[in-house]
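Participant: With the sequences and hints as input, model every part of the structure.
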Amino acid sequence: MTLRWTVSLALHTAGVVFLVATVSFFLLQIVPGDPAAVVAGLDAAPATVEAVRAQLGLDVPWPVRYVDWISGLARGSFGVSYVQKTPVAELVARRLPITAALAGLALLFSITAAILMALLSRLGRAAATFVRVMEYASFAFPQFWIGLLLLSYFGLHLGWFPVVGSEGLQRLVLPAVALSLGNAAVLSRTIRAGLAEQLRSAHVVAARSLGVSRLRIAVVHVLPLALIPAVTIVAIQAGYLLAGAIVVEQVFGIPGLGRLALTAIGQRDLPVIQAVVVVFGVAFPLFSMIGDVILGALWPRLRQQQR
Amino acid sequence: MNSPRLFRAVTVALRGGRRLVGPLDVTLHPGRVHGVVGESGSGKTLTLRALAGVTPENIESSWECLEDPAPRTAMIFQDPAGFFNPRWRVERSLREVLVHVRRLARSHVAGRVSELAALVGLTGSELHRYPFELSGGMVQRAAIAMALATEPEVLLADEITSALDPELGEMILGLLRTIAVDRGLSVVLVSHDLPLVAQIADDVHVLYEGRLVEYGPPAEVLAAPRHQYTALLVQSLPSRRRRGELLPEIPIPAEGGEAAPEACPFQPRCPAAVTACAHMPPWDDSRTYRCHNPVQGDGL
Numbered sequence: 000m001t002l003r004w005t006v007s008l009a010l011h012t013a014g015v016v017f018l019v020a021t022v023s024f025f026l027l028q029i030v031p032g033d034p035a036a037v038v039a040g041l042d043a044a045p046a047t048v049e050a051v052r053a054q055l056g057l058d059v060p061w062p063v064r065y066v067d068w069i070s071g072l073a074r075g076s077f078g079v080s081y082v083q084k085t086p087v088a089e090l091v092a093r094r095l096p097i098t099a100a101l102a103g104l105a106l107l108f109s110i111t112a113a114i115l116m117a118l119l120s121r122l123g124r125a126a127a128t129f130v131r132v133m134e135y136a137s138f139a140f141p142q143f144w145i146g147l148l149l150l151s152y153f154g155l156h157l158g159w160f161p162v163v164g165s166e167g168l169q170r171l172v173l174p175a176v177a178l179s180l181g182n183a184a185v186l187s188r189t190i191r192a193g194l195a196e197q198l199r200s201a202h203v204v205a206a207r208s209l210g211v212s213r214l215r216i217a218v219v220h221v222l223p224l225a226l227i228p229a230v231t232i233v234a235i236q237a238g239y240l241l242a243g244a245i246v247v248e249q250v251f252g253i254p255g256l257g258r259l260a261l262t263a264i265g266q267r268d269l270p271v272i273q274a275v276v277v278v279f280g281v282a283f284p285l286f287s288m289i290g291d292v293i294l295g296a297l298w299p300r301l302r303q304q305q306r
Numbered sequence: 000m001n002s003p004r005l006f007r008a009v010t011v012a013l014r015g016g017r018r019l020v021g022p023l024d025v026t027l028h029p030g031r032v033h034g035v036v037g038e039s040g041s042g043k044t045l046t047l048r049a050l051a052g053v054t055p056e057n058i059e060s061s062w063e064c065l066e067d068p069a070p071r072t073a074m075i076f077q078d079p080a081g082f083f084n085p086r087w088r089v090e091r092s093l094r095e096v097l098v099h100v101r102r103l104a105r106s107h108v109a110g111r112v113s114e115l116a117a118l119v120g121l122t123g124s125e126l127h128r129y130p131f132e133l134s135g136g137m138v139q140r141a142a143i144a145m146a147l148a149t150e151p152e153v154l155l156a157d158e159i160t161s162a163l164d165p166e167l168g169e170m171i172l173g174l175l176r177t178i179a180v181d182r183g184l185s186v187v188l189v190s191h192d193l194p195l196v197a198q199i200a201d202d203v204h205v206l207y208e209g210r211l212v213e214y215g216p217p218a219e220v221l222a223a224p225r226h227q228y229t230a231l232l233v234q235s236l237p238s239r240r241r242r243g244e245l246l247p248e249i250p251i252p253a254e255g256g257e258a259a260p261e262a263c264p265f266q267p268r269c270p271a272a273v274t275a276c277a278h279m280p281p282w283d284d285s286r287t288y289r290c291h292n293p294v295q296g297d298g299l
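Chains as they are written, first to last, in numbering that gives the first Met the number 0: chain F, 0 to 306; chain V, 0 to 299.
Because the hints were derived from the structure by calculation, they are not lab data.
None of these values were measured; they are calculated from a predicted model.
Check each hint, because a few of them may be wrong.
Said to hold, decoys possible - Quick list of simulated restraints, FRET-style, between CB atoms:
| no. | chain 1 | residue 1 | chain 2 | residue 2 | range |
| --- | --- | --- | --- | --- | --- |
| 1 | F | Arg300 | V | Ile58 | 30 to 38 Å |
| 2 | F | Phe129 | V | Ser61 | 27 to 35 Å |
| 3 | V | Val180 | F | Ala201 | 25 to 33 Å |
All C-beta atoms in this analysis are idealised placements derived from N, C-alpha and C, irrespective of residue type, glycine included.
Facilitator: What follows is the structure, encoded as structure tokens:
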């Protein structure tokens, strides 16, 4: 990790934050719905609505509000929630670890399942067909439906996992499984293709001719190289998993960032929505850079090109 | 130590289908370089891969060996960079063979790596580089070191100089020859480069359609070939003596013009084929070629 790489990461991330913050600000200005009316209540008199508007600072022209928002961001402030009247940064800080844990667990599940599925597919024709069918099924079923299915069977019927309430990782297991299945299928296909390519490669034939054992060739030579194309996909998926948590958090009643965003959208709580969009936006370049580091570790030639 | 290494009935075939090579009886002598020539598709590489036990998935191979255990083989391939795990430095690849194939005690590994490097002319800094950081010649030397790390009795070299310039190719083959002689290794050298084979090899074997059609010392086989195919193969080479002349072409047979299994495989393309070619003549001690109508006189 060179200084150049660190500076590049910082500049890249800052650029994305600026872009995402700007786009989200302007998009939210043209979205129908008046935050002041929502905060004042359905039956509020026009004068009350105006008073709330002034109180929230929405009576100020949008260019001024935009400059306020961007300069606040530069100082690390997301503003104050219209509805909860608390600094948005606090709300995000409280919810982010929950969503990050959910997405991290989902990522762990999807990578593990994908590697196991890809290895299983090499055991014979029947195993390969089974893996393909499982992949199609994982692609085809929507996350919320899988979530409901898991909840009703493992939560209600078997009682292995809590349905509501409870703290800790145990409550995140079922939602993480629901979140990971689609990604696991994409990864499994990529790793399978990588395995097939690597098993045909010259260095594997050479290792066999030198007498290296089949198990060692599979685990030490083939697998790390087969994982290389998957790393880029995982880096992209990690960002999507954070954003994808919105639906799953709703189904499982998890108080994460996704649920915060969904509630804020219903309440037209613009600072909260903007903050969540920025956090999700930052995740993509960050994970992409982490992916580059892992790729460099797996593939020296790339590391040399990165210098 | 000096007895020949015999591989009997070397056969390669498509899985459940057509035979591609053999059956061939391969006799290899310690300290000698055996050249194998023939056009593309003649079965040279498949023969080597059969002996090394690394035929592709859709191909099956078999052979018998009177020695038990069979002689240890190691193969060096056409693309030397492809020989190495691209994630590893050359030294790590060498260590893997020594530790996980030869089961050498870890305390002896570093010394053995240095010995192998010195043998093929690699420096310490070259050992610590990735294969893609080395020149073609250096990476081929590293590939030879890898093969030698397995302490083989038979070294199978498949077109190992085709990616190198002629001078470098000659140097690498010279190194291989020295190692073969010093260590009593049998080297099987497959190449399209007939002059180079003539220069390096102790004997030459000519393959056509997976069958041996002629063999002998290079001075005899390549300078005065007897089989019609060998003669045409040699005549196809550019030569100063025939400057200005068109190179002869080996005629391509009409579609479906494959020889019967018992016939000479070159019969459909042979300009000098006779009726007797419907049955290939057997080998006997008196001849080193299988042709009913051999090239007469001094040949070329």
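Participant: Taking the hints in turn, state whether each one holds.
Facilitator: Hint-by-hint comparison with the structure:
no.	hint	result
1	F:Arg300 - V:Ile58: 30 to 38 Å	31 Å, holds
2	F:Phe129 - V:Ser61: 27 to 35 Å	33 Å, holds
3	V:Val180 - F:Ala201: 25 to 33 Å	29 Å, holds
Of the numbered hints given earlier, the model fails none.
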